[in-house]
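Colleague: Residue-level listing of the chains:
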Amino acid sequence: MSEVKIENVSKQFGEINAVSNLSFTVNDGEFVVLLGPTGAGKTTTLRLIAGLEQADEGKIFIGNEDVTQAQPAKRDVAFVFQQYSLYPNYTVYNNLAFPLRSPLRSLSKDQIDKTVRDIAKTLHIEDKLKNKATHLSGGEMQRVALGRALVREPNIFLMDEPLSSLDAKLREELRLELKNIQVQLGATLLFVTHDHVEATTMADRIGIIKEGTLIQIDPPEKIYNDPNSVYVATKLGSPKINVIPSRLLNMELPANVEYTAFRPEKVSLNSKGTLDARIETIQNLGVEEIVSMSFMGEIIRAVVKPESISKSDKDIKITIRKDDMLFFDKESQRVYL
Amino acid sequence: MSASRDTTRSPLEPSATSRRIAAFLIILYASIAFIPMVLIVSTAFKSVTDAISYPPKIISEPSLEGFVNLFTQRTRQSAEYLETLPPPKTWYEEIVRKRNMVIAGPSRFIQRFVNSIIIGFGATFFSVFFGTIAAYAFSRFRIPLKNDLLFFVLSTRMFPPIAAAVPIFLMYRKLGLSDSHLGMIMLYTVVNLSLSVWLLKGFIDEIPKEYEDAAMVDGYSRMSAFFKIILPQAATGIAATAIFCLIFAWNEYAFAILLTFREAQTLPPFIPTIIGEGGLDWPAISAATMIFLLPVVVFTVLLKKHLLRGITFGAVKR
Chain A
1 MSEVKIENVS
11 KQFGEINAVS
21 NLSFTVNDGE
31 FVVLLGPTGA
41 GKTTTLRLIA
51 GLEQADEGKI
61 FIGNEDVTQA
71 QPAKRDVAFV
81 FQQYSLYPNY
91 TVYNNLAFPL
101 RSPLRSLSKD
111 QIDKTVRDIA
121 KTLHIEDKLK
131 NKATHLSGGE
141 MQRVALGRAL
151 VREPNIFLMD
161 EPLSSLDAKL
171 REELRLELKN
181 IQVQLGATLL
191 FVTHDHVEAT
201 TMADRIGIIK
211 EGTLIQIDPP
221 EKIYNDPNSV
231 YVATKLGSPK
241 INVIPSRLLN
251 MELPANVEYT
261 AFRPEKVSLN
271 SKGTLDARIE
281 TIQNLGVEEI
291 VSMSFMGEII
301 RAVVKPESIS
311 KSDKDIKITI
321 RKDDMLFFDK
331 ESQRVYL
Chain B
1 MSASRDTTRS
11 PLEPSATSRR
21 IAAFLIILYA
31 SIAFIPMVLI
41 VSTAFKSVTD
51 AISYPPKIIS
61 EPSLEGFVNL
71 FTQRTRQSAE
81 YLETLPPPKT
91 WYEEIVRKRN
101 MVIAGPSRFI
111 QRFVNSIIIG
121 FGATFFSVFF
131 GTIAAYAFSR
141 FRIPLKNDLL
151 FFVLSTRMFP
161 PIAAAVPIFL
171 MYRKLGLSDS
181 HLGMIMLYTV
191 VNLSLSVWLL
201 KGFIDEIPKE
211 YEDAAMVDGY
221 SRMSAFFKII
231 LPQAATGIAA
241 TAIFCLIFAW
251 NEYAFAILLT
261 FREAQTLPPF
271 IPTIIGEGGL
281 DWPAISAATM
291 IFLLPVVVFT
301 VLLKKHLLRG
311 ITFGAVKR
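In the order they appear, the protein sequences are chains A and B. Residues in the first sequence are numbered from 1 upward in steps of one, following full-length UniProt numbering. Residues in the second sequence are numbered from 1 upward in steps of one, following full-length UniProt numbering.
Chain B with its partners taken away, still in its complex shape (with noise of 0.2 Å):
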């Protein structure tokens, strides 16, 4: 037998060991990566009690106290005022009576969640709104200081954007923007503008200019060819861009701290805030975190087929 060397494969293609080297490692670090995800998860259906038993139990009963405890305020009550109680009607009214207490409210929790949604979403939107035409624009006309431009709009991305903090802070105050969906929304919107601005400009830049001349020869305007066909074309750039935008408004914590408190305060700040009682309520704490997670996870999965192009862009060219 010829010792004949395998000549199926192109040599420019990984041979079957590197290619098991390449999955092992992957799949190594998408364990690591997992540990807080199922940590959050299996913490959030634990019963207080055994999130915090030593040992720590790996395997317990599930439980919906996190969930109650996040989405209601209780008081402790007596034993003997409970004894006069009717019986539970409902299953949650069931749990807190076993802890000796009664359900006094719902909690801030879906307040604090849909300003995160309005404050999160509504900077994404304007961020990429403004970004796309800017970048339109610097892709495709003669700007005086087209360069000195963009440069500076790049130089806000320069230093943290927690840097201006106190200016920031004076000037909301006596705006009246402290506190209020619109100030969060065109602080993120700002902070977002240099990335949104650069990422699509690449993205456009890509696409022919000759689209629109073929549009406008045959007879539509700029602004129509730039809506029937620079858009569609561009969709790919502007869903990775959302991605990103999202990810920065959602997550921010330290603006958030500083300029929300009651009416608008995001998430992010809110959820340390959440007190159990005689310690941190590690399941009502994770089961915040775990809804929190959800929004970015469904927008990136619903926008998972451009986002691979958009992180690896301008390494693809036509």
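Bound-form chain A, shown alone (with noise of 0.2 Å):
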């Protein structure tokens, strides 16, 4: 395993800017995840760095070695697809097996052999070692993709949203799965994804990227308290955080304030309250209830415990604390008070 560095690689495609100006460093060992909505550059970033397409401008390290110009082969990273990773032609075993035979490993039969079948172990699937790789349900083609990849042990492992096309439990469990092996590993990981979820349950840090453009890199918890931006605060937490006017709150801001953000579960509803809000809709989760409430045209959403909150009466009274606001300039940039 080792670190992978990217300095100030920028990418087009005829017209189109994937990635510009990236930089950013995957220490040894560490779980990073980019995210960000389709187009955003996170899958384009994985391939330069897997040498599947060449940089236009900047540079790439892995483990302190510049490999920019370097063949996808020589690189020694693994890469996980979003789908249709499999070699159709080959069985499962064959499909573990294919990265230990290049040509660049020389590995006798049998360590082939062990490999394999630890890996098979592993991921649960050594019942289907004989399979055809077609022959397999979502769930197990995914396992075996990322069995693939951990057969070796490359510099780093490269993923691009292997879990997105797989059903909401099955992803839930190998989102453990895949924590625990890398934390079993010590693997160096970038894992792409536009998941919110994935990202903060599996990442050492994420890195929220837009337009190509890295916005905050930084560990989940510091992403989601102390986003720079707005758009980095609408990235995770759902309920998405509210965002409305400061005008609207009647406080003292300094002048460059615009907007001013807040979790829905901070937005506390009791009768002391100090702003009026009319209750739209109420959405039950069962453990706690999505209360949406329009607030001078606005809509605020509150996370809040089924009690708390009396159904007859509409126009309530909502307290947010000024420690649990957020508060941003007009370019949506945050301002520290």
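Be careful, since some hints might not be right.
In the DSSO-like style, the derived pairs of lysine-lysine whose C-alpha atoms are separated by at most 27 Å in a straight line are [claimed, not checked]:
1. K59/A - K209/B
2. K228/B - K114/A
3. K305/B - K130/A
4. K132/A - K174/B
Partial pick of chain B residues on the chain A-facing surface, computed with a CB cut under 8 Å [what the hints assert, rightly or not]:
5. H181
6. D213
7. M216
8. Y220
9. S221
Everything labelled a hint here was simulated from the structure, so no lab data went into it. Computed from a predicted model, the values in this text were never measured in an experiment. Ideal Cβ placement from N, Cα and C applies to all residues, glycine included.
Taking the hints as your guide, dock the two standalone chains into a single complex.
Modeller: Next up, the structure:
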């Protein structure tokens, strides 16, 4: 395992800037998740590190070695693709053994066999080894795809939304397994997703990426509690953070503060509250409820315990502590008071 | 009893009646298409006399005279001379002797058949070989003027190949390629290439390029990724393309009659030259035609499971 460093990397496809001036480091043994919407440049970043795309500008280092120009095979990285990743003409066994049989790694038959069987066991697919790769369920396929990466000890694991094509239950299961395996192996891992739950549950650090630019890269708690912009603030948390124009709050704030944001769980509903709101809808999630309220033409969502609100009264009062508020200027950048 | 409708069948599936009509039409068409085959095979096993008898005989005594005539050259002899000969040693000598003839030697049929095999399969191999690598390049790489090049490749098929017969004839004569196996293989390869590039590009486009990406990251060069992953995936397309190429190269008549006459003559121009005594030797011609049809039939049957998907290519997207 090695540290992977990207320095001022840019990549264009025709007129489109897939990645612009991107710099970050994935430390040895670290699990980094890049979070962003489709088309943000996440996949391109992975492909640049793997050598499947050539960077227009900038440098890529793997373990202090400049690999910007190196062939993919020489970089010794493992890549898990979103789909289509298994070789359809091979059995599961041969799919797992394929990377080990590369001419770059001269391993004996027994060594290969042992590694393949160990990984199959870890991923609970030992009884599927003889199956054709096309005769598997979606979850099994993705396990094999992960397995094909895990049979080696590459410099870094690159994973491109490997769980997104699975159903919710399986996704949750594999998420845990993957995190466990990563911790056990001490693996360096760069994972790409648009699912904020995947990001927060697995990452040591989350990189928020937008239109090919890295906006903020920090541990999940810091991204959640201390975002540097409205964009980052809205990326984590469900329901989304409330963002309203500051002037509505009737508080004394610096002139450059334009927006105020606060998490739904920080909104308290009580009769002693200072702000008047009107309940629009209530969504029951069992342990808690999401209350949508209109407040001076804006929508505010609150997450509360079911017993804490009276169903009959539509007009209520709410409180938000000033310490729980985040302030942003008119460019949506954070303002620290 | 309520007039309940049959709900076991999905509304998307054809009804039993329409299935029957379809089956009837297919059988009708197949029977009509089969008549020439039946005629060829039945004539091949008739004696020369039965083949030209009037009214025509549908069922007759089976005879191998056509095949014997096809594979041998014979000379007519006087009855006195034939009496001096020892009795015929083999069954085919016996057939010939009945017509007051003796076998003078083998005919040129086998040599022409071998020519057809060499040229037909040789041209098919090269069309598919060059077609596959060109199609792979067109499918995967950013090639300058890609669409123009592809259009140019297709444009070679926009006029009938025979339209270029005169320049090709002159060129081949100057280069000494006339009546040579190499010349014919090159010609048929070139004619087939546009078809093979376009067909195979369609097939290779359907193979996700993540396979090569994965293989290259797994420690292989693009070349070995191509051989280990892409080629087995493209087998269906390659088989279908090979059949189309073989059918053209095997059946081609116009260039063959223009450019081959002795060493490299193929069967299509040779078969009509089989002349019998006092008229065409229909059993021999039918026997030749039957043998001529066999290799393509065998090749097609061998690749059958690929062919159906091959013909409907592009219709099935994953």
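Colleague: Which numbered hints are broken by the structure, listed smallest first?
Modeller: 4 and 5
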